[in-house]
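Trainee: The listed protein sequences derive, respectively, from chains A and B.
Residue numbering for the first sequence follows my numbering, starting at 1 and increasing by one per position.
Residue numbering for the second sequence follows my numbering, starting at 1 and increasing by one per position.
The set of hints was computed from the structure by calculation and includes no laboratory data.
Every value quoted in this text rests on a predicted model; they were computed, and no experiment measured them.
Any given hint could turn out to be false.
List of simulated lysine-lysine pairs, BS3-like, C-alpha gap at most 25 Å [as the list claims (entries may be wrong)]:
1) B/Lys454 x A/Lys63
2) A/Lys63 x B/Lys267
3) B/Lys334 x B/Lys406
4) B/Lys99 x A/Lys4
5) A/Lys60 x A/Lys4
6) A/Lys64 x B/Lys406
7) A/Lys17 x A/Lys63
8) A/Lys4 x B/Lys54
9) B/Lys336 x A/Lys17
10) B/Lys20 x A/Lys4
11) A/Lys60 x B/Lys239
12) B/Lys239 x A/Lys17
13) B/Lys304 x B/Lys314
14) B/Lys220 x B/Lys239
15) B/Lys20 x B/Lys218
16) B/Lys350 x A/Lys4
17) A/Lys4 x B/Lys139
18) B/Lys336 x A/Lys4
19) B/Lys357 x B/Lys334
20) A/Lys64 x B/Lys473
21) A/Lys17 x B/Lys189
22) A/Lys60 x B/Lys350
23) B/Lys334 x B/Lys99
24) B/Lys304 x B/Lys334
25) A/Lys17 x B/Lys304
26) A/Lys17 x B/Lys54
27) B/Lys139 x B/Lys13
28) B/Lys454 x A/Lys17
29) B/Lys163 x B/Lys466
30) B/Lys139 x B/Lys189
31) B/Lys220 x B/Lys20
32) B/Lys178 x B/Lys296
33) A/Lys64 x B/Lys474
34) B/Lys350 x B/Lys296
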Amino acid sequence: MSEKDIIICRCNDVTQKEIEDLIDQGITDIEEIKRLTRIGMGPCQGRTCIPLVMRIIARKTGKKIEEIPVPATRVPTRPVPMGVLAGAMNNEE
Amino acid sequence: MRLNEHPILNFQKRRGKKIKIYFEGQPLDAYEGETIAMALHAAGIRVLSYSGEKHRPRGLFCAIGKCSSCLVKVNGIPNVRSCITLVEDGMRIERQQGKEEIPKTVKPPQWKDAIKVEGDVVIIGGGPAGLMAAINAAKAGAKVVLIDENPMLGGQLVKQTHKFFGKREQFAGVRGVKIAEILIEQAEKNENIELYTETSAIGIFQENDRKLVVAIRKNKELVEFWGKAIVVATGAMEKMIPFENNDLPGIYGAGAIQTLMNTYGVKPADRVLIVGAGNVGLILAYQLLQAGVEVKAIIEAMPKVGGYFVHAAKVRRLGIPILTRHTILRAEGKEKVERAIVAQLDENWKPIPGTEKVFDVDVIALAVGLRPSIELLHQAGCQIAYIRELSGHVVRRDARMETTIKGIFVAGDAAGIEEATTAMLEGKIAGISAALYSGKSNISWLKEIEKTQKELTEFRSGPFGKHVLEGIKKVMVGEINE
Ligand SMILES: Cc1cc2nc3c(=O)[nH]c(=O)nc-3n(C[C@H](O)[C@H](O)[C@H](O)COP(=O)(O)OP(=O)(O)OC[C@H]3O[C@@H](n4cnc5c(N)ncnc54)[C@H](O)[C@@H]3O)c2cc1C
Ligand code: FES
Ligand code: FES
C-alpha cells in the first residue's frame, strides 16, 4: 500500500510517511516536527492534523497522548480572506 | 442534485430567490440563503481547490467552517470558506490553487476602521450551548452579544431531523431542528441580546478588566466585541482518520453530509459507505435513506456496535449491513471518490489479507467521533488537559464553567463532547455565571445555577453519563460539584 497517499496535514500536504520518517530519525518533538514539515501551520491551524500527528508520535514512541505538549494556537484562529491582520499578527515564524 | 421531497423537511418552502453564480466562468443556478459549497455540490461540483505542494484535489469536509478544506476564490479574493459563505447574485467563484495572494487592487480592512460593539457578556457560538447562555445571561440582567460564524444559528441542532432522546420533559421527543427554532426565537425576541451571524471570532484578548473578541464579519469587516465576560461555546470538530487517499473529494464528515441534506436540501450522494457505527453513524444511515440515498454498508473497527441498540436494530431492519471489525484501507477515484476498499481486522487491529471488499460509492462518510473546538480558549491562555472521556483536549474549569482565566467561561461540546441537553444546561450555567461576573446580575441567581447543576448531575446519572463524569472529575479545578 502506498503510504505516501495517506494525508495527515491537508492544509500543507504532509503525509503519514513524512512524519514517520522524521520520528524514525529520532525527531519526536512535536514543535520540531511542526517546524520541519509545517504541520499545523495551514489555514485550519492544525485542527485537522495535530491530533493525528499526536497519535502517530504516541504510537511510534510509546508516549501517552497526555505527555505530548500541544503546539501553541495563534491568532487568527480562522482563515482570513482579506489578508486582514497580515502584518499586525503574522503567525508564520 | 437538490432534494425536493423529504418525509420531514420542506425545502421548496425554505429556499430563497433563484440567482446566478459563476464557477470557473460557467453560470450555475443557486438560491439565496444557501452557501457557495452547497450550491456547487448541488451542481455536481466536488473539487473546490487544489493543494499547494502536491496539487491534490480537495473538497468539503466539515461543512461548518472548521477545517479549511473548502477554500475558494470569490470575486478574486482567496481563502474564502465556501461552506459558510452565502451565495450572492453574480458571484464569481474559482478554485483556489494552494496559497494565493490577495490582488494588489484590494485594500484589506484596517484596525482603525474596526467596528466596535459593546456588551456585558460576549458569547462565541450560537448552538444550543451558546443560545442558552445568551438567553439566561440576558434574563439575569446582562447585555449580551452573541456571534456565530455560520449564516444560521442553532449549531448542530439545525440538522437533527430525528426526535431527541433524553429524559428532560421539555425537549425529549422533540426534533432537534424544532429545539433550535424555539431557542433562536427566544434569543431574537430578547431586547438585551444582539445577534451577529456570519461572524468568525479569530482571537481573544484582555485589556485591564475588559475582554476583547476580535472577529471578521462576512469575510471582510473587522469587528471588535468588547465585554466584561466571555462564554466560549464553539462546539466540536469532526475527526479525520488516516487511510490512503483520505483527502479525496467525497470523503465527508458525517455532520457535513447532514448539513448538505438536512440544512440545505442538497442530495449528498447516490451511494454511501459509512465509517463508524456509533450513534452518529447509525442516525446518519437512517437520514440518508430518508433523503433517497443508498447506504451500502456501515463499517466499524470495534468488535461491536458503539451506538444504542435501538438505532442499530432499526438500521439492520432497513437492510443496511453493519460490518464490525472492519476498517477502510483506501479510497479510489480520479478527482473524487469512486470506490472504497475495506478489510477485516485481526485481534491486533491489522487488516487480514484476502478479506478486502470493494464498495462502489461516491461518498465515504466519516462518523469517527468529534473533538472539542478549544482553539480560542487555548489561544487566550486557558489551561488545557487531554481527557479521553471528553474526547480530546479540553480546558480546565470549575462547576460554574469558568476556565482558569477569570471571566472566560466555556459550555457545550467545546467543554467536552456530550450531547445537546447537557450543552443547553451547561450553557445556562455559563450564561448566568458570566452575567454575575460582569456585575450586572445579583446573587439570587446563584440558586438558579445550583438548580441547573442538580439537573445536570441527574441527567448524567445514566451509563453514558458515568463515563463523562469521570472525565469531568479530571478537568475540574476547585470544588467538585456532584
Ligand atoms: C448526527 C448527530 C446526532 C446527534 N443526536 C443527538 C441527540 O439525539 N440528542 C442529543 O442530545 N444530542 C445529539 N447530538 C449532539 C448535539 O447536536 C451536540 O452535542 C450539540 O449541538 C452541542 O452544542 P454546542 O452548542 O456545544 O455546539 P454546536 O451545536 O456545534 O454549536 C457551536 C456553534 O459555534 C459556532 N462557532 C464555532 N467557532 C466559532 C468562531 N470561532 N466564531 C464564531 N462562531 C463559532 C459554530 O458556527 C456553531 O454554530 C447529535 C450530534 C450529531 C452530529
Ligand atoms: S491540516 Fe494541518 S494545518 Fe490544517
Ligand atoms: S471549513 Fe468548509 S468544509 Fe470545513
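Trainee: Please verify whether A/Lys64 and B/Lys406 have alpha carbons no more than 25 Å apart.
Mentor: With Cα atoms ~30 Å apart, A/Lys64 and B/Lys406 exceed 25 Å; violated.
Trainee: Tell me if the straight-line CA distance from B/Lys304 to B/Lys314 falls inside 25 Å.
Mentor: Distance ~16 Å between B/Lys304 and B/Lys314 Cα, so the pair holds.
Trainee: Between the alpha carbons of B/Lys139 and B/Lys13, is the straight-line distance 25 Å or under?
Mentor: violated (34 Å)
Trainee: Against the 25 Å threshold, does the CA-CA distance of B/Lys99 and A/Lys4 hold or violate the hint?
Mentor: holds (22 Å)
Trainee: With the threshold set at 25 Å, check whether the alpha-carbon distance from A/Lys4 to B/Lys54 stays at or below it.
Mentor: Holds: A/Lys4 and B/Lys54 sit about 11 Å apart, inside 25 Å.
Trainee: Check the hint pairing B/Lys454 with A/Lys63 against an upper bound of 25 Å on the C-alpha distance.
Mentor: violated (38 Å)
Trainee: Run the distance test for B/Lys336 versus A/Lys17: straight-line Cα separation, threshold 25 Å.
Mentor: Holds, because 23 Å separates the two Cα atoms, which is no more than 25 Å.
Trainee: B/Lys334 and B/Lys99: Cα distance at most 25 Å?
Mentor: Given pair B/Lys334, B/Lys99 holds - Cα atoms ~23 Å apart, limit 25 Å.
Trainee: Straight-line Cα separation of A/Lys64 and B/Lys474 no greater than 25 Å?
Mentor: holds (16 Å)
Trainee: Run the distance test for B/Lys350 versus A/Lys4: straight-line Cα separation, threshold 25 Å.
Mentor: holds (19 Å)
Trainee: Compare the distance between the alpha carbons of A/Lys64 and B/Lys473 with 25 Å, and conclude whether the hinted pair is satisfied.
Mentor: OK: A/Lys64 and B/Lys473 at ~20 Å, within 25 Å.
Trainee: For B/Lys239 and A/Lys17, compute the direct alpha-carbon distance and say whether it is at most 25 Å.
Mentor: The hint holds at about 20 Å.
The structure is inconsistent with the numbered hints 1, 2, 3, 6, 10, 14, 17, 21, 24, 25, 27, 28 and 32, although it conforms to all the rest.
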